[in-house]
Amino acid sequence: MTFTKTKQAPAETLKPERIPAADPPAALQPTGARNPLSEPSRPESSPPIAISFDSFNAFYGDYQAIDQINLQIPSKQVTGFIGPSGCGKTTLLRWINRMNDIVPTARSTGQLHLHDLDVLASSTDVVELRRRVGIVFQKPNPFPKSIYDNVAYGARLHLKLTRTELDALVEWSLRKAAVWSEVKDRLHKPALGLSGGQQQRVCIARTIATGPEVLLMDEPCSALDPISTSAIEDLIFELRQQFTIVIVTHNMQQASRVSDMTAFFYQGKVVEFGTTDQVFTCPTEKQTEDYVTGKFG
Amino acid sequence: MTKHLDRDMDRLHRDILSLCTIVEDMIGKAAMALRDGRLELCDEVTAEDETVDRFEVAIEEECLKMLALHHPVAVDLRRIATVVKVNNDLERIADLAVNIADRARGVREYPEFKIPKAVDPMVAHVRSMVRGALDAFVHLDTAAAREVIQRDNIVDELNEHLIELLQNSMQTRSQWVVPGLHCFSAIRHLARIGDLATNIAEDAIYLVDGEIVRHR
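First to last, the sequence lines map onto chains A and B. Using the working numbering, you'd call the opening residue of the first sequence number 1 and step up by one each time. Using the working numbering, you'd call the opening residue of the second sequence number 1 and step up by one each time.
No lab work stands behind these hints, which were simulated from the structure alone. None of these values were measured; they are calculated from a predicted model. Heads up, the beta-carbon is just placed ideally off N, CA and C, and yes, glycines get one too. Be aware that a few hints might be false.
So the derived label-pair ranges between C-beta atoms look like this [said to hold, decoys possible]: (1) B/D95 / A/S195: 51 to 61 Å; (2) B/R216 / A/S122: 50 to 60 Å; (3) A/T284 / B/R188: 34 to 44 Å.
Okay, the calculated bits of chain A under chain B, using three or more residues with CB under 8 Å as the criterion [what the hints assert, rightly or not]: (4) 245 to 251; (5) 275 to 285.
To give a feel for the contact side, a few chain A residues facing chain B, derived at Cβ under 10 Å [what the hints assert, rightly or not]: (6) N141; (7) G294; (8) K295.
Using the sequences and the hints given, assemble the complete structure.
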């Protein structure tokens, strides 16, 4: 994969005004690292599994938050996690890039794999894992820096790029996050001066700039107005061609709109996991039916 | 949100039950008018059709409103989608009852023409199919719904038998061609009501199981 290859990318997925001319820096092609500018591959009829939980349990001290979960999250699709508050959705999401390492009482048992990588192994490079697995939180959390520096932050840490290459990467990321046209004339202004919806999209740009394989989204639209929400949902639709996306949401309509697969969680267990179409039109479990129709939760 | 949806669902359920009652009554009256030549029942059927038309529009509007306002999913979505279809089928059945009543008027102009006796079992079967399909829909009984679907074959056989009888009588006595054609049409309408009862039974199965069983 090369920078110049972006010239051949489909126009609808990438419409650069300025094509980076430089060859790809070696730093963009380390083992396991993916060039964020690489072409999206088409979803297959039976996609491979990106994330796999096997007999997975998670605890906070004595409290068991996740109970014997077996879940296979398909690659390059959007998987929605739904369920009432406290059912373990966010806990599970945070284990995927080991965010729970910083919670002293958090521990887990069982298996968690990202493709062939044993996520829970002590030998796993957590910094590299978090580059491969980006996360976007409920509340936009840009760094108190310029928009440009926010997006360039991860790339400066992980990749050795020239100024031109970094410019191209920032532009690509902001375009992908559907916020470029709104911020291109104020790239060096503080990101905190943007609206909530713009901040969230800048945070998404920051996340994808490091070329992750997986994008975790923890209620990314809960603090946004309907227009910003719609922009983020459109963005998820666009990004699903290139990333494996896992989204936690309390908004049933959002889950049904954006996700290909839906997992319903209740009391730390996966009650039902199936295509979104099936879960929302004809769920097999009574608890799922009661939850999606608003009878509890 | 759920209470609002439940309230609207209850109202929708009551409305569709009222419509079912009227339509069943219309089929009974139209059949009696055909068999016994009671023309006063034809007028009643025509008058009831106007009520059915108003109900049909009101129920469809209610369904569209619920889809727009509540964004129902799962069983709630299936129920509203099914009501939209059953509502439409009931309105079509009511129209067919009016058509049968019109044919009864036509047959009555030929007092010497006798409606074949085999019409009685066909009317009984069609009425029981409609009743069975609506009961299956109301009581969420898929076994009953499947039984209704099976019975459509009997109606089809009776329909073929009656057509043969009418063809023979029209071939032997040319003055019976006109009343024979009226009777022929009425029987076709009855058979069509049986088909629509089958549709309702299939929709009842979709409502319960989420499975579309048509064309299998």
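So, going through the hints one by one against the coordinates:
The given range of 51 to 61 Å is respected by B/D95 and A/S195, whose C-beta atoms sit roughly 56 Å from each other. Distance hint for B/R216 and A/S122: a CB-CB separation of about 56 Å, consistent with the stated range 50 to 60 Å. Checking the proposed 34 to 44 Å range against A/T284 and B/R188 shows it holds: the Cβ atoms sit about 42 Å from each other. Under a criterion of three residues with beta carbons nearer than 8 Å to beta carbons of chain B, the stated coverage of the region 245 to 251 of chain A fails, only 0 such residues being counted.
Three residues within the 8 Å Cβ limit are the bar, and the region 275 to 285 of chain A against chain B gives 4, so the coverage statement holds. Below 10 Å, beta-carbon pairs count as interface contacts, and A/N141 has none with chain B, the closest being about 30 Å; its hint is therefore violated. The beta carbon of A/G294 comes within 4 Å of a beta carbon in chain B, closer than 10 Å, and the hint placing it at the interface holds. Because the smallest distance between the Cβ of A/K295 and any Cβ of chain B comes to about 6 Å, under 10 Å, the interface hint for this residue holds.
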